[in-house]
Amino acid sequence: MRSALSEQPHGHTPHHPYLQHHFDSMGQQMEASTLGMWVFLVTEIMFFGGLFMAYLVYRHQSPTGFQEASHHLNIYWGAANTAILIISSLTMAFAVRAAQTSQPRAAQVGWLIATMVLGAAFLGIKAIEYAEKFRDRIVPGPYFQWEGLYPKPAEQFYSLYFAMTGLHALHMIIGIGIMTVITIMAWKKQFDGDYYTPVEVAGLYWHFVDIVWIFLFPLLYLIGRHYHAG
Amino acid sequence: MSGHVAPKSMYYAVFAALIVGTGLTVAVAFVDLGALNNVLMLGIACTKALLVILFFMHVRWGTRLTWVVVASGFVWLLILFGITMTDYLTRGWVEGTLK
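For the record, the sequence lines run as chains A and B. Residues in the first sequence are numbered from 1 upward in steps of one, following the working numbering. Residues in the second sequence are numbered from 1 upward in steps of one, following the working numbering.
Everything labelled a hint here was simulated from the structure, so no lab data went into it. Cβ atoms here follow ideal geometry from the backbone N, Cα and C, with glycine treated the same way. Some hints could be false.
Ranges of calculated distance between the beta carbons of each label pair, as one might list FRET restraints [what the hints assert, rightly or not]:
#1 A/Val117 to B/Tyr12: 30 to 40 Å
#2 A/Lys188 to B/Leu24: 35 to 45 Å
#3 B/Gly92 to A/Ala54: 17 to 27 Å
Model the full structure from these sequences, guided by the hints.
Written out as structure tokens, the structure reads:
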């Protein structure tokens, strides 16, 4: 690294306009950025991990109650949203690939917009589901009503349901905000094979949010499918 | 500089595997297999997560340092789950302790 510096004294040899002066090369700069993003994602794993921990403890204490509560969730909305997020991860991966292979901005922007549209579709379905829960009064609080055998565990389940899917939805909203900025940058033709770190890093965030849902879907929607009251 | 460029076909293959995994996990949920349901459900979810991390998130072509950082996240998560559950799972084992 030292030798690279001495060969290219700063300010004398032309270098990439997006290379910050404290990095030797574009490669080193990108490695630092992706590593930093991964460190942030590890903190995110622990952030969501606390909620998964709470889920594990309460489900362990009342497994049948959780099954009964889960039975009320609409598996088709859940499965549709899982598919939507997986497709959005594919379009995100293609957005990164488009920048990486220096494709024209129409391709980069197109994949990014597709990703945002799918993210918005996910949130739309989530809104429909939340509305149904409010209509059926299964939102934890003073007006919570449960027709089943285990009202207390059901309220615990729906507290976790709203906390976990709510935090996940918040991440989706933030993700769409990040993608908006990235799309504007792509529109200004800032990305090519030499410099696409922002798209890559935003992609890491988007895929992470997808992974959280990959675990939320079975744990919340699928545990009560073969539950029969009594 | 540009990192490893994976062919589009690889992304489609991973995508197909993720969709198949989703279908499989839904199908399995409708069959009563007792405790095996949870094992299959989490097994499929972990496989899907691993596919996303390795290929979509490019860790497959990442540096050793990236591998260590990514792995450390899950190791600490397992420590959180593991040590907490040693408490909850063993309550009541000794007479007079709170269940």
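Against the structure, the hints come out as follows:
no. : hint                            : verdict
1   : A/Val117 to B/Tyr12: 30 to 40 Å : violated, 20 Å
2   : A/Lys188 to B/Leu24: 35 to 45 Å : holds, 43 Å
3   : B/Gly92 to A/Ala54: 17 to 27 Å  : holds, 20 Å
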